[in-house]
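> Use the sequences and the hints to build the structure in full.
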Amino acid sequence: MAVFLASSNFCIYVTTLFLCLGCIVGATNKNDQLALLEIKAKMTSDPLGVLSSWNSSAHFCQWYGVICGKRHTRVTELNLNSLLLQGSISPYLGNLTFLRVLQLQDNSLSHDIPHEIGRLRRLQFLDLSDNMLTGEIPANISGCSNLVSLGLSSNRLTGRIPKELSSLSKLRFLFIDLNHLTGGIPPFLGNLSCLEFLQTTRNNFGGSMPETLGKLNRLYYMSMGSNMFSGIVPSSMYNLSYMRVFCVPENRLQATIPSNLGNIFPNLVEFNIGDNQFTGSIPASLSNASNLERLTTAINGLSGNVPSLEKLHKLWWLSISTNYLGTARDGDLSFFSSVTNVTSLVWCSISANNFGGLLPAFITNFTSLSILTMDENQISGSIPSGLGNLINLELLDVGNNRLVGVIPEEIGKLQKLNKLNLHGNKFSGSIPPSMGNLTSLCYLNLHQNNLFGSIPPSLGKCQNLVSFSLNENNLSGPIPREIVSISSLAINMNLSHNYLTGSLPKEMGILTNLGTFDVSHNMLSGEIPSTLGSCTSLEFLHMQRNFFQGAIPATLSSLKGLQVLDFSHNDLTGTVPGFFQEFRFLRILNLSFNDLEGMVPIEGIFKNASAISVAGNSKLCGGIAKFQLPKCNFKETRKGKLTLSLKLVIAASGALCVALASLSLFILVSKRKRVEPTSISLEYSPFRIAYQSLCNATEGFSSSNLLGVGSFGSVYKGILQDEKVVAVKVLNLLHPAASKSFKGECKVLRNVRHRNLVKLMTVCSSVDHQGNDFKALVYEFMVNGNLDGWLHPMSITNESPRSLNFRQRLNIAIDIASALEYLHHGYQSPVVHCDLKPSNVLLDGEMVGHLGDFGLARFFPQATNSYTSESSTIGVRGSVGYTAPEYGMGNEVSTWGDMYSYGILLLEIFTGKRPTDEMFNDSFNLHNYTETALPDEVEKILNPSLAQEIKEEISRRDSHVVEECLILIFEIGVACSAEVPSERMNITDATAKLQVIKRKLS
111 MAVFLASSNF CIYVTTLFLC LGCIVGATNK NDQLALLEIK AKMTSDPLGV LSSWNSSAHF
171 CQWYGVICGK RHTRVTELNL NSLLLQGSIS PYLGNLTFLR VLQLQDNSLS HDIPHEIGRL
231 RRLQFLDLSD NMLTGEIPAN ISGCSNLVSL GLSSNRLTGR IPKELSSLSK LRFLFIDLNH
291 LTGGIPPFLG NLSCLEFLQT TRNNFGGSMP ETLGKLNRLY YMSMGSNMFS GIVPSSMYNL
351 SYMRVFCVPE NRLQATIPSN LGNIFPNLVE FNIGDNQFTG SIPASLSNAS NLERLTTAIN
411 GLSGNVPSLE KLHKLWWLSI STNYLGTARD GDLSFFSSVT NVTSLVWCSI SANNFGGLLP
471 AFITNFTSLS ILTMDENQIS GSIPSGLGNL INLELLDVGN NRLVGVIPEE IGKLQKLNKL
531 NLHGNKFSGS IPPSMGNLTS LCYLNLHQNN LFGSIPPSLG KCQNLVSFSL NENNLSGPIP
591 REIVSISSLA INMNLSHNYL TGSLPKEMGI LTNLGTFDVS HNMLSGEIPS TLGSCTSLEF
651 LHMQRNFFQG AIPATLSSLK GLQVLDFSHN DLTGTVPGFF QEFRFLRILN LSFNDLEGMV
711 PIEGIFKNAS AISVAGNSKL CGGIAKFQLP KCNFKETRKG KLTLSLKLVI AASGALCVAL
771 ASLSLFILVS KRKRVEPTSI SLEYSPFRIA YQSLCNATEG FSSSNLLGVG SFGSVYKGIL
831 QDEKVVAVKV LNLLHPAASK SFKGECKVLR NVRHRNLVKL MTVCSSVDHQ GNDFKALVYE
891 FMVNGNLDGW LHPMSITNES PRSLNFRQRL NIAIDIASAL EYLHHGYQSP VVHCDLKPSN
951 VLLDGEMVGH LGDFGLARFF PQATNSYTSE SSTIGVRGSV GYTAPEYGMG NEVSTWGDMY
1011 SYGILLLEIF TGKRPTDEMF NDSFNLHNYT ETALPDEVEK ILNPSLAQEI KEEISRRDSH
1071 VVEECLILIF EIGVACSAEV PSERMNITDA TAKLQVIKRK LS
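To convert, note that position 588 of the sequence shown is 698 in this note's numbering; the numbers rise steadily by one, no gaps.
A few of these clues could be false.
[Stated by the list, open to error] Derived DEER-like restraints, expressed as beta-carbon distance ranges:
(1) Ala1102 <-> Glu692: 29 to 39 Å
(2) Thr646 <-> Val958: 16 to 26 Å
(3) Asn373 <-> Gly491: 33 to 43 Å
[Unchecked claim] List time: in silico DSS-like cross-link candidates among lysine-lysine, alpha-carbon distance up to 27 Å:
(4) Lys140 <-> Lys152
(5) Lys273 <-> Lys325
(6) Lys180 <-> Lys280
Source of the hints: derived by calculation from the structure; they are not laboratory data.
Owing to the predicted nature of the structure, the values given are computational and were not obtained by experimental measurement.
Each residue gets a CB set at the ideal place from its N, CA and C atoms; glycine is no exception.
Right, here's the structure in full:
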């Protein structure tokens, strides 16, 4: 019985135990489901709808991207990569404690990586790359002690590599490239003894590479390019015998390449030290690395001869340009003979060295070649026969060498050729008509040779050309109409310095996208075709030193984007067109040595004697004094017909004026006994101007001189007695805050001076003719108006809407930032503008931005970005859409408020969207609109007028540079306009970053 009872009790105990375990398992399963639902809740956008399956209709192990273990029914793998998801990573992710694989790469996830991820101690593979994650790498990621692969590439992570990562003893793959990480490569990385793959490219790492990296005996892939590493590559790293990929380009590394490199790295597949400061020679042992496929030593200080590469049978990429290789003698290119069996060679660049000798005939054996650049050397001889064998060639550049002979006819067989550059040699003979077969050609450059004969019309078949240069040859005959009918030409067409004859074909009008047209220094004649006016994209037009005749066509008035126009040394007649005065971008206008007549205009570019030349036109008159032209003497049609009665009228009028002046003086004196003018003192003002002077200057404040109307008054254009053009802001004293605005603006502009601030020339505080108070501010006149009129132009009949190009927008953004930086940090007391918006940014004749309208500005006693205690009676500071959100909640004025306004203004400049656009509402604004498009969809939010220009920029340079700059600009705008003041970028950092962008684009 006792035994039975004991047995029964044991069964009950076991049953109870299993029931409890079932409850625990069920609870933990429920935790996984709840965690997944929290992860879903943090996703703000799921355009593919993949998370719609995450609902109660199916077990969570059957949800998309979720894989569970069979034993515990817990989530072991979560794979949501490449699904266009937006949002952030939920901290509840840390509850999936059985997780071994987490793949969230290639989405648009933002915000910080949650620290709770460190609770996933079973995690082996973590990939968060290709998102928009910010903040630092969490230190407690070291809690993932079983981690084998860590992928954080292509995000916006900052800070240093946390030292806690040294505890990840099982880590084999580390990807942290394409972020904003700083500091250096910490020595403790050498303790990751299992590490095989290290990718740190494109960060802000600096300092030297630690010797401890030589302890990574399993390392076979190391890519650390595009950082700021300096010093030498540690000698210990050359002991890593498993090394297959060694890439350290775009740093500041020095020293020489080890002479036994091919022996110590026998498995080498890629060796890239480009754009550093290496010296010495390319070691001969490199040929022993028989698996080498890619060799890049470009942009260093290497010298000597290139060794034999005969054992490199797999080599397909050879880039050794921009060094000091070669001796400028025969035999320098003999290394090519050692790779004649390398049929896989696709890329060969030996440009900008000191290679001499004949161009070897066996170069034509590399039938796989796609890129061949040998320019900027001292190579001689002729192009060998067999060139037509290189049927895969897309780029051929042998410019600036000493090549002679004719351009072979078989060049027409290179059907894939996209760019052909033969300039700066001594090629002779004619241009082969077979070049017309190169229908894929985009760039053709034959300038600075000895080519003669006519231009073959067959070139007109190259309908993809964007740049075409035949200048500085001995070409003759007419310009074929076929080549001026290539509508794709957008960058350049240069036929200058030849012996071309005949007239300019009327088909010129087809070149509507052309930026530069140069036919100077030829023997062309006839009239300038009126169709030239259809080339509305022209920026540089050179037609000097020909025999053109007739008048300058009126149709050229449509070439409003011209920067340089040279018609000098021709036989042009007629008058100087007045429409040149309206060309805002025109920097140089040369009309000298023609037969022009009549009056020279005095506005626009004609004000600048250093920018215009009209010498050698004996029939011209007028213009500004510096031209030293005779005064225009127009004959009077009614000479000698002034009658006695007219003289009496004049005399009577004079008497009436005297009487009126006396009466006005009497009224003014009597009124001044009752109304005392405000005492205003401007330290830099040469005088206080009188009301009557302003009245005269503005023609009685005529509506025809009205420039604009604002909250506190109206602005008029005026011309003072000394012919200085000014802008007169007349205060509307009926507005309760106008007087305070007047005093505030005087106070600010009396104390601050900067090249990007509008200059206050003088003030008027007096009474008008009716005895009413009168207050006005007189500024330097800005001929190009305000920025708002350029960003949002209104269409005008018979005139194309004006617009700003990409660089002008960037320059103006920098101008505003410079002014704001001075106000916040450059003066003894910080000044907050309080009303930053496009209409308060004025543009001078050079399109330089000047910040104006300081009616709401505030001085502060200490240089601080915190909120001030100064009260305001003006109410909400600034204008709707540009005002910082904290102002609307009653917070005090601060420099952070200006930063919000600047961020919105910067986004408006490049998106073309006003912050008050009807598409925006309380929950969706210009800041959100831009932020959601970063970084991959910036082209969708770009101002449409910039889209074509950006495409052309990309075609002229590395597309990554232009796209990166656009992303950076929008990132700055988003950072400045953050909702929380303390999270906004300060103006010093914003200005510095914009200047870096400008340098990248220069």
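> If you test the structure against every hint from before, which numbers come out violated?
When the structure is compared with the hints, none of them turns out to be violated.
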